[in-house]
Structures are given as C-alpha cells and as structure tokens.
Amino acid sequence: MSDEGKPAVEMVDVQIDGEWHQFPKGTRMIEACRQVGKEVPHYCYHPKLTSPGNCRMCLVEMGMPPRPRPGEDPPEKDENGHLPISWIPRPVIACANTVAPNMGIRTDSDLTHACRQGVMELLLINHPLDCPICDQAGECRLQEFSVEHGNGGSRFREQKVKKPKNVDIGPRIRLDDERCIMCSRCIRFTDEVADDPVLGFTDRGSHTVLTVHPGQQLANNYSLNTVDICPVGALTSNDFRFQMRVWFLKEDKSICTSCGRGCNITIGSREDEVYRLTPRENNEVNSAWMCDHGRLNFHYLNSEMRLTDPLVRGAEGHETVAWGDAIQAAADALGRCEANEIALIASGRLTNEELFMARRLASVMKTEFVDIVPRSGEADDYLLAADRNPNTNGAKLVLGLDEPGQALKDIREGMAQGRIKALVVLQENLIDDAGFTAEELGKLDFILHTYPLANPTAETADVVLPGAAFSEKRGSMINLTGRLQRLNRATDGPGQTREVWEIVRDLIQALGGGNGIYLIEDVFKQMAGEIAEFEGLTLSKIGDLGVPLLETDEKIPLLERERERVAKGIIVG
Amino acid sequence: MAAIKYLAGKEPHPNEHRMIFRNVDREGWDPSIDTYLGEGGYEQLKKAVAMEPQAITDEVKKAGVRGRGGAGFPAGVKWGFIPPNNTKPVYLICNADESEPGTFKDRYIIHQDPHQLIEGMAIACFAVGAKLAYIYIREEFPEGAAILEKAIAEAHEKGFLGKGICGSDFDLEIYVHRGAGAYICGEETGLIESLEGKRPYPRIKPPYFPAAMGLYLCPTIVNNVETLCHVKHILDMGGEEYAKLGTPNNTGTRILCVSGDVQKPGYFEVQVGKVTLGEVINDMCGGLKPGRKIQAVIPGGSSAKVLRGDETFKIKKGGEDVELKLEDIPMDFDTLAACGSMAGSGGVIVIDDSRSISWVLNNINAFYAHESCGQCTPCREGSLWMKKITDRVVAGKAAPSDIDTLDAVARNIDGRTICAFGEACSWPTESFIQKFRDELVASTNPDLDEAIVNPETELAAAHLAR
Amino acid sequence: MEVPAELEKEIDERITHYPVSKRSAVLPVLHALQHHFGYISEEAVEWAARKLELEPIKVLEVVTFYPGFRQSAPGKYHIRVCRTLSCAMAGSAELMESLCKAAKIDRSGVTHHHPIAVGEDGRFSIEFAECLASCGTGPVCMVNDDFHEKVEDAETLLSKYRD
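Chains as they are written, first to last, in this note's numbering: chain A, 1 to 573; chain B, 1 to 466; chain C, 1 to 163.
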C-alpha cells in the first residue's frame with residue numbers, strides 16, 4: 001500500500017549491535033532487528049498473531065539512556081546526537097516490546113547468547129530425540145536453533161515427561177504432544193484467525209498438553225495452517241507426512257488456482273511430482289494463510305488418469321500420434337469450417353497468455369462463439385471465494401466476456417440446430433462440469449479437446465491433447481480483487497504434455513501461418529500491445545507478489561479483519 | 001480505652017505492636033459488623049468519602065506503606081500509576097490468594113476481622129475511583145470466603161457498600177471470587193487472567209501493567225489483604241504519624257509468620273525493622289528446640305533466598321559498613337535485601353541442624369514444580385528439572401556434578417521468565433547451593449559422575465550392548 | 001447430569017457478580033457444580049460452557065489447570081494434607097501415611113495425573129495439597145471444607161467423619 005496521505009510517523013533512533021538506525025515509533029524490537037539483518041530467533045512470535053512472549057527465545061540485551069538521579073547532570077549527547085546507553089542486566093523479549101528513542105539492543109552479546117542457549121537446553125530436555133522419524137526434520141526451528149544456539153550435548157539425566165502421541169485431532173492433522181513446545185501459535189491461530197477455538201492447553205506446568213476438546217475436531221477449512229506455523233513437529237499434515245523429506249523438495253513460487261482468490265503459494269515438488277502446496281505471504285491477497293481445500297487440490301496432478309500423448313480418433317478409437325500430426329489433423333478439420341461454424345470454449349482456469357492465444361485462435365477461426373465455463377461454490381468469510389475459477393477476471397478482460405457462461409446456451413443451441421459444427425474445448429470437461437451431453441457432442445463434425453486428465457468429454461473428441469495443469473505452466477492470472485499474479489512452472493507434465501498457449505500457437509500456425517511467438521514472454525508482449533490494461537507490463541515485472549491491475553470492489557474478509565488488528569496494534573501484520 | 005484482653009495462651013508478645021491484628025484472638029471479639037462498629041468501625045470510611053480522593057492517595061504515599069504481598073512496592077506509588085487521563089472504569093482487587101509457603105496472616109484477618117479489610121478496601125476504592133472490586137480468595141479458605149460474603153452483606157445493609165455510601169455519591173460493590181488452588185494466582189496479572197475466567201497465565205509487562213491495563217484491560221489496582229488493612233489505619237493516624245511507626249523507608253507494622261523448628265511458631269505484628277531476626281526466633285518464638293542450632297532461615301516466604309545460621313552479613317547501613325550476624329538482622333525490607341534475601345511476604349521458616357538441607361530444598365522444588373503455570377519455557381521446564389535433580393540427591397542417586405547442573409538450571413530461569421515466579425522458583429536453589437554446597441554435595445555419590453542415570457538412556461545403552 | 005433449579009438459580013446469581021464479562025464466572029460456576037456433584041464431569045464442563053457462552057475447550061483449560069477442581073469422584077469426605085515445607089517439617093508425610101492406614105486408602109496408584117486416592121468403601125479419599133497457609137500450626141489438613149490444624153492422630157480426626 002502506498003504511504004501517501006498517511007500522517008508522518010515519528011522515527012526513533014535505535015542502536016542495534018553498535019550501529020544506529022531509524023525506525024518508526026511502535027516498531028517491535030524483533031522487527032527492527034530483522035529489518036537490519038539481525039534475525040532474532042523465536043518460536044511463539046508470529047507477526048499475524050498476538051504476542052504472548054512465552055517461548056523466551058527472543059530475549060535480547062536492552063539499554064536506555066541513564067536516568068539522572070536528583071541533582072545529577074543529565075547525560076550528554078555525542079556528536080551524532082545520541083545519548084549514552086545504560087544496559088539493563090535483565091534481558092527483555094524482542095517480540096512484544098517496541099523500540100524507544102535512544103534504545104540500545106544487543107542481539108550478539110554474551111547475555112543474549114546465554115539466554116538463547118539456556119532456552120534451547122530447556123526446550124530440548126523433554127523433547128523426544130526422534131528427528132529421524134519426525135516429519136518436521138529439515139524445517140524444524142528446534143533443529144535450526146539447536147545448531148546455532150544449542151549446547152551440542154545434554155546434561156539432562158532424568159526421565160522425560162510422557163505425553164500423548166499420534167493424537168487424531170482432526171481429519172487432516174495429527175498431534176504429537178511430546179514434541180510440542182507450547183508456543184501456543186496453533187491455539188492463537190484457531191482463536192484469532194479461524195474463529196474456531198477447539199484447541200487449548202490442559203493440565204499445567206511441565207505437564208501442559210495441547211489438546212482438542214473431547215468430541216470436537218480441528219476440522220475447519222484453514223486447519224492445515226496450524227501445521228505450517230507449528231515451529232516443531234507437533235502438528236503434522238496427514239496428507240504430507242512421510243511422503244517426502246522436505247530437503248528434497250524443490251520450491252517454486254506460484255498461486256493457488258482453486259478459486260478466484262489466487263492465494264500465493266509455494267509448490268513443493270521433487271522430480272516432477274508435487275508433494276505439497278504451502279501458503280506464501282502476500283498481504284494484499286492471503287496474508288500468510290490458505291484454505292485446506294486449495295492446499296490439497298493437487299493430487300490429480302499425480303493421477304494415473306493423466307493424458308500423456310496427443311491422440312487422434314482413428315478407425316479403432318483414439319490412437320497416439322506425434323504432436324505435429326495431431327495439430328495438422330485439427331487444423332485440417334477446423335480449416336474446412338466456415339465462419340461461426342466453430343465454437344471455442346475456453347476456461348477460467350487458463351492463464352491470460354493462454355486466453356490471449358485462444359482469442360487469436362477465435363479470430364483466425366472467424367468465430368464469435370467464445371465462452372468459458374463458470375464454476376462456483378459457497379464462499380466463506382475468510383479467503384475462499386464463491387468463484388472457483390482462478391482467472392475469471394482474465395477471461396473477461398482478454399476474451400472480452402461480459403458475463404462468463406452467457407454464450408454457452410447459444411453454443412448449445414447452435415450445436416442442436418447444426419449451425420455449429422465443430423468445438424475447440426480448452427481445458428474444460430464439458431460433460432462433467434458444464435452439463436453438456438455425450439449425445440449432443442457426438443453430433444458434431446469435429447471436437448478438439450485439451451485437458452490434463454482422461455475424461456468423458458475426451459471420449460467424444462476427435463483430437464485429444466494433453467494440456468498442462470497449473471503446476472506445469474508459466475503465465476499470469478487476475479484474481480477477484482483485480483490483482484495480476486504469476487504462475488511458475490514447478491514440474492514438467494507427464495509424457496508429452498504441453499502448455500495450452502503452445503498448443504494454440506501451433507494450431508494457429510497450422511491454420512494461418514507464422515505468428516512470431518516463440519516464448520511465453522512474446523505472448524505477454526503481444527497481449528500488452530493489444531490490451532491496454534497490460535500496457536507497460538511484462539511477466540517479470542509482475543514479480544512474486546503480483547501487481548494491482550483492475551479496480552474492483554472485492555473485499556477479502558480475512559484481510560479486512562487483519563488490517564483492523566494491525567491498526568489497533570494487536571498484531572504486527 | 002480499656003486494655004484489650006486476648007484469649008488465654010494467645011496473648012501478643014510484649015514486643016508486638018498490634019494494629020492490623022488488634023482484634024485477632026481477642027476475647028469477646030467476633031467478625032460481626034456490630035462488634036466492629038462498637039469499636040469505631042467504618043469511621044475512617046465516613047471520613048474518607050468526605051475527602052478528595054487524591055488526598056487519600058497522598059496520605060498513603062506519605063505513610064510510605066510498602067506492599068505486604070511480597071514485592072514490597074510502595075502502595076501509594078502503585079495507585080499513582082493509574083493514567084491521569086484515564087476514562088475507563090477502574091477496578092480494585094484484594095489479593096487474598098495467600099499462598100507463599102510460610103505465610104499465614106491473611107487467614108486470621110479474614111476469619112476474625114473481615115470488616116477491617118472491607119473498610120480498607122472501600123477507602124482504597126474511593127481513592128482510586130473504583131466502583132467494582134473483587135476479593136480474590138484462595139479456594140482453600142472456604143470458611144474465609146463465607147465470612148467475607150456475610151461481612152459484605154452486613155456492610156451493604158448498613159450503607160457502607162452499594163449506592164451512595166455514607167451519604168456521599170460514592171458507589172461500590174465488592175464481590176468475593178474464589179480461586180481454585182494455584183499459587184500463580186498470587187501474581188497480580190495471573191490473578192487478573194484467572195478473574196477473567198482464563199488460565200492464570202501471567203501477562204507480559206510491558207505492556208500489561210495492571211494500573212494501566214489490568215482487569216478487562218482497564219486500570220486495576222491489586223493490593224494484598226494486609227496492605228489494604230493498613231489503609232484504614234493510615235487514614236486514622238494520618239500518613240505522617242503512620243510513617244513514624246517502623247523505620248525510615250520501612251514504615252508501619254507488619255505481620256511476621258514464623259514456622260518450622262522453633263518452640264512456639266506463630267504470628268507477630270511488629271514495627272517494621274524494630275525487631276531483629278534473633279528476637280523473633282528467641283524471644284517471640286521461644287527459641288529452638290533443646291540442643292538445636294539454627295542451620296538456616298528463610299526470612300520472607302519460601303521464595304526468599306535462604307540465610308545460613310552461622311553467616312555474617314557485611315552491609316551498608318546509613319552510609320557505614322556494618323557486619324551483622326543472622327540474629328542481628330532487623331526485619332525490614334531494606335536490610336533483608338542488603339543481606340541478599342528479602343522480607344517478602346513475612347513468612348519466616350526456621351530450619352535447625354537436624355534437617356537435611358537436600359530434603360528441604362527438594363520439598364521447596366517440588367512446590368514450585370507443581371505450581372509453575374507452564375506458560376513460559378524456562379520456568380515450565382526448569383522447575384520440574386530442578387525438582388527431579390533434587391529427587392535424586394535425596395535418594396542418593398545424584399553425582400556431585402548434578403549440583404552444578406542444578407545451579408545452572410536455576411540460573412537459566414532467573415530473570416528470564418514472564419513473571420516473578422521465575423525468581424521465586426530459582427532463588428531457593430541458587431541460594432541453597434551458594435550457602436550449602438558442601439551439605440548438598442555430601443548427599444551425592446562421586447561414583448555416579450560417569451554413570452548413566454537416565455532410564456531412557458539406560459534402555460538405549462542396553463539395546464546397543466546387545 | 002441434571003442441574004437442579006435451585007443450583008442453577010445460585011449459579012445465575014453468581015454470574016451477576018461479573019457485569020463486565022460472563023466468562024469471569026467460570027470459577028464460581030465450576031465451584032458450584034463441584035460442590036453439588038462432587039467433581040467436574042465432562043458434562044459439567046459442557047454445561048458450564050453453554051451457560052457462559054464459551055467454547056468448551058476454554059472451560060476444560062481452566063478445569064485442568066487448577067488442582068482445586070477434581071475430574072473424578074472423590075470419597076464422601078475428601079482429605080487434603082498439606083505437603084509443603086513447614087507442614088512437612090511438622091510431619092505431614094507421616095500424617096498422610098497414618099491417615100491412609102486408618103482410612104484404608106492405597107496411594108500406590110497416585111500419579112501426577114491421578115493425584116487422588118479413594119478408599120475402597122468410598123467414604124474417604126485423600127491427596128496432598130500444596131501450602132494451606134497455616135504453616136505455624138502444622139501438620140494441617142482439610143476434610144471437605146473443614147480445616148484441621150496440628151493434626152496428631154489420624155484416627156481422632158477420622159472419627160469425626162465416621163458418622
């Protein structure tokens with residue numbers, strides 16, 4: 001957000017590890033340190049949640065100007081206008097305290113190191129040494145800070161406290177209480193963000209256990225975020241656990257395509273197999289969260305039903321052919337059609353680039369029958385949107401649709417009357433998702449269909465092409481708030497899968513000659529030349545967090561509430 | 001006024017100065033309001049409601065009375081921390097969660113003189129602008145809670161509580177709130193959380209200083225039972241006159257509770273700093289059991305650092321270096337602090353030479369391990385670890401190096417926790433090791449230094465040997 | 001679990017003591033329920049949660065924190081013996097032992113999670129409590145709401161509760 005128009009924030013001078021810096025008044029010490037590259041280790045602190053200050057890992061040495069005693073002269077400022085700092089013997093937590101004028105912070109002093117070492121030792125005494133079988137290994141804060149701040153050995157000669165293990169606390173999450181360090185992040189998340197307070201601490205002292213209320217479940221659609229924010233292996237995802245060691249995962253920044261929100265995500269994959277999606281912070285879209293529905297909606301990528309090769313219907317059904325032959329077969333059939341004898345059904349799941357190529361194709365095919373298949377579900381009061389297409393706004397803008405889905409009726413009518421003789425169906429399963437019947441599709445002269453999976457619509461198609469799914473392509477989409485965001489390729493699709501923009505480019509080429517497009521950057525460039533909204537942009541300019549493109553009045557309920565809490569100083573944000 | 005007669009065998013010691021405990025063990029005294037009114041009860045409240053609230057706070061400041069709950073913070077100064085531009089409701093809470101081991105004074109005030117407390121509270125509420133107050137009483141005082149509720153009802157009936165108190169426009173309701181057995185509720189922000197119906201996890205300070213953000217995030221004054229009783233007497237005497245009791249900066253009287261290895265344990269209200277530890281033990285408590293010597297004294301509740309019986313203390317007094325023997329220590333806040341301990345809650349525990357030091361420390365560690373709320377890491381993990389180590393020391397299963405570990409654990413807690421429980425649980429261990437290392441090491445077995453004593457490691461080792 | 005109208009009335013009155021936040025009434029509501037039923041059952045937790053419009057976990061968190069709340073039925077007379085230093089020095093461990101013997105209670109199954117031992121006939125149950133704040137008169141104990149100090153003889157104490 002732009003800072004223009006906001007009242008000027010008072011800046012305070014703070015010395016961090018000997019260097020003076022300026023920060024807006026009210027900045028938490030931990031954030032000030034982070035901003036100047038002095039990461040303060042922590043467990044319980046999370047900028048999106050309240051700060052209980054319970055883990056004590058972020059203890060730092062702090063000082064303020066000495067207070068003169070009655071009759072004493074006030075301390076003198078140095079040549080830079082800074083007062084001397086009188087260091088306080090008691091360490092303070094950096095997470096909940098804010099910077100003050102002329103404050104000193106030491107993140108690298110003997111006291112600070114002793115505190116971290118002490119907390120690490122105490123956190124580990126009752127923690128099981130089961131890293132080899134713990135799914136958190138590799139992204140465990142206990143492991144990481146142990147290396148940096150731990151003792152390297154144990155003085156603990158007692159029996160550890162025994163607690164419940166492998167507890168089923170919800171359909172998607174498992175709890176190991178012995179690993180829990182009682183940072184309360186998950187409890188705060190369920191209380192403060194998900195409004196589903198089913199988690200709590202029972203018992204007390206060292207025997208404290210995280211628990212779900214008997215008979216209740218942590219089952220809300222945001223439950224898996226607790227797994228992300230759990231700094232240790234106490235909460236693990238049933239879906240991901242034991243599937244892959246995290247250090248083998250390749251991480252690519254992309255966006256979720258399960259609804260119009262476009263939550264920013266990281267795709268974790270290895271050798272062209274996607275293992276998990278995790279939310280990536282974007283304070284204009286999804287804060288640091290995503291819904292379980294979107295998070296788990298990727299298993300089809302690894303399905304046995306994936307289409308792997310171009311298919312052309314022959315005498316004995318669909319036969320595998322070379323890409324060139326498939327494209328030529330399609331071009332031959334489509335080339336025989338007159339204007340408006342072909343309908344193009346694209347998809348709200350296509351990228352802008354793919355949609356742009358579809359628009360080109362429609363014009364080459366001289367058809368006015370162009371639409372996408374709308375899909376909707378129930379919106380929640382958090383992130384999940386009713387529009388379950390990720391790029392409805394892109395489709396409206398690029399294809400010039402006023403009301404997506406409006407033309408489908410005309411297309412079906414045209415098909416029934418025999419006016420429409422051929423269909424190009426890009427990444428939509430018309431039979432299962434748009435109410436088309438096999439009979440009406442069977443009447444057509446020709447159907448070209450791209451899709452990631454074998455499906456009933458493909459059964460009716462003459463040319464079936466394996467089109468890449470979301471993790472297999474680059475491109476951009478426009479979410480419901482009008483933000484232009486980028487997908488990145490994390491995996492290669494199976495077999496000969498290709499991205500739709502490439503397929504369409506080749507088809508256009510076969511239908512009407514060269515078009516000068518070799519790279520997706522070329523598509524974007526041409527799109528930016530033709531559609532004013534994209535003017536001046538390139539794929540790389542979109543960046544990892546996207547850019548605002550269209551004005552909409554869409555509000556994100558979860559973000560509205562978060563901003564309120566930030567404004568009140570309850571959370572950092 | 002005729003001399004007060006006390007119950008036979010319960011007469012105050014001549015060196016006592018009974019003010020708060022004036023009516024404790026008094027013959028013919030009962031906790032009813034009529035008895036209280038018969039001796040000038042609620043006169044100070046009547047006087048107070050005709051005063052400017054600030055004038056009362058000023059008197060309390062002048063009196064210099066320091067909190068009797070443990071921290072010894074000046075009560076008037078605490079009241080003054082309510083933000084001057086405050087527009088929120090102000091609450092007052094009487095901390096009657098008396099739970100510091102060795103302390104047993106509030107019980108007697110509540111049981112025998114409840115109206116003294118209610119009058120003190122009402123005056124304090126008027127001074128700080130509170131219209132709603134709670135008495136947070138520990139669950140283990142069910143009779144005390146009933147007595148207080150009855151007393152509140154009586155005071156209500158007579159117009160000392162409720163609307164328009166004593167004809168003024170001052171309204172006040174006081175309710176009794178019972179705890180449920182948690183030492184941590186004695187910590188004022190833990191108490192506030194408990195009163196809000198949550199787990200009594202103490203709050204981080206800053207920002208949650210109760211005088212600014214306390215109960216329901218409104219300014220809240222939390223005072224100990226004894227402290228609030230003093231308010232009534234301060235108003236009666238005037239702050240300056242009150243400040244003449246006791247010693248400078250350690251004004252007034254306070255109730256010392258003595259337990260452990262003395263002939264006659266009990267409670268004694270004395271002028272602060274006017275009696276020495278030796279006088280308390282030898283004169284007031286009848287000395288030690290025959291043939292016994294003082295091995296150790298815990299002078300201010302179990303979290304106060306222990307003092308050795310044969311120790312001498314080199315301290316500064318009035319700018320001069322003085323050397324004090326244990327018995328010579330005057331029982332005031334500043335001297336006990338200078339001697340490396342604290343006056344705390346006034347609970348003096350005497351330990352004679354028949355006791356095993358490791359057994360004593362283990363008992364204390366068991367208390368703190370049981371009472372740690374578990375919110376923050378050092379105390380949650382460290383308190384139980386210390387208890388487990390001293391369990392082994394007592395059982396003869398510890399090595400000398402375990403004493404060093406024990407010390408290190410305590411120092412990893414001290415000063416690094418959310419609340420003062422960290423110090424409360426680490427100071428006993430730190431001070432016992434500092435003062436009684438030889439005794440503790442004598443309970444250990446050097447042969448165990450290299451031994452595997454962790455049952456889990458033992459299992460693993462046995463498995464590897466196969 | 002049936003909460004009698006009388007008890008509910010008492011509870012409703014208690015709740016009025018907390019005009020700012022009903023949640024503050026958690027402890028008094030639980031005390032009233034425990035006083036009536038002898039302990040806090042899961043149903044009691046749910047009932048209190050409904051009464052105070054809280055999520056049940058928020059009540060369970062509180063119940064399990066405080067040793068003053070029991071989650072299983074004690075004996076008709078529940079004894080709490082002070083374990084802390086001054087009473088221990090005055091012989092509370094011995095008192096516990098003699099009380100168990102006299103009341104025929106086996107404490108061998110006592111753990112952190114099950115601190116209460118109940119005698120076979122259900123008349124007495126017993127547990128250690130931390131400091132009961134009468135350190136000068138140890139050893140002390142409580143039997144239900146009755147307080148007893150300088151307890152020397154177990155049988156003498158128990159005889160008051162033999163009916």
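Hints were generated in silico from the structure; no laboratory data involved.
Don't take every hint at face value.
Claimed, not checked - For each label pair, taking beta carbons as the anchor points, the in silico distance ranges come out as:
id, chain 1, residue 1, chain 2, residue 2, range
1, C, 15, A, 241, 39 to 47 angstroms
2, A, 459, B, 463, 54 to 62 angstroms
3, C, 15, A, 82, 50 to 58 angstroms
4, B, 216, A, 90, 46 to 54 angstroms
5, B, 461, A, 573, 48 to 56 angstroms
6, B, 85, A, 82, 51 to 59 angstroms
7, B, 85, A, 241, 31 to 39 angstroms
8, B, 408, C, 1, 29 to 37 angstroms
9, B, 209, C, 43, 19 to 27 angstroms
10, A, 154, C, 115, 26 to 34 angstroms
11, B, 207, C, 153, 48 to 56 angstroms
12, C, 43, B, 28, 47 to 55 angstroms
Note that the structure is a prediction, hence the values are computed from the model and not measured.
Each residue gets a CB set at the ideal place from its N, CA and C atoms; glycine is no exception.
Tested hints:
no.	hint	verdict
1	C:15 <-> A:241: 39 to 47 angstroms	44 angstroms, holds
2	A:459 <-> B:463: 54 to 62 angstroms	59 angstroms, holds
3	C:15 <-> A:82: 50 to 58 angstroms	55 angstroms, holds
4	B:216 <-> A:90: 46 to 54 angstroms	29 angstroms, violated
5	B:461 <-> A:573: 48 to 56 angstroms	50 angstroms, holds
6	B:85 <-> A:82: 51 to 59 angstroms	31 angstroms, violated
7	B:85 <-> A:241: 31 to 39 angstroms	54 angstroms, violated
8	B:408 <-> C:1: 29 to 37 angstroms	50 angstroms, violated
9	B:209 <-> C:43: 19 to 27 angstroms	40 angstroms, violated
10	A:154 <-> C:115: 26 to 34 angstroms	30 angstroms, holds
11	B:207 <-> C:153: 48 to 56 angstroms	54 angstroms, holds
12	C:43 <-> B:28: 47 to 55 angstroms	49 angstroms, holds
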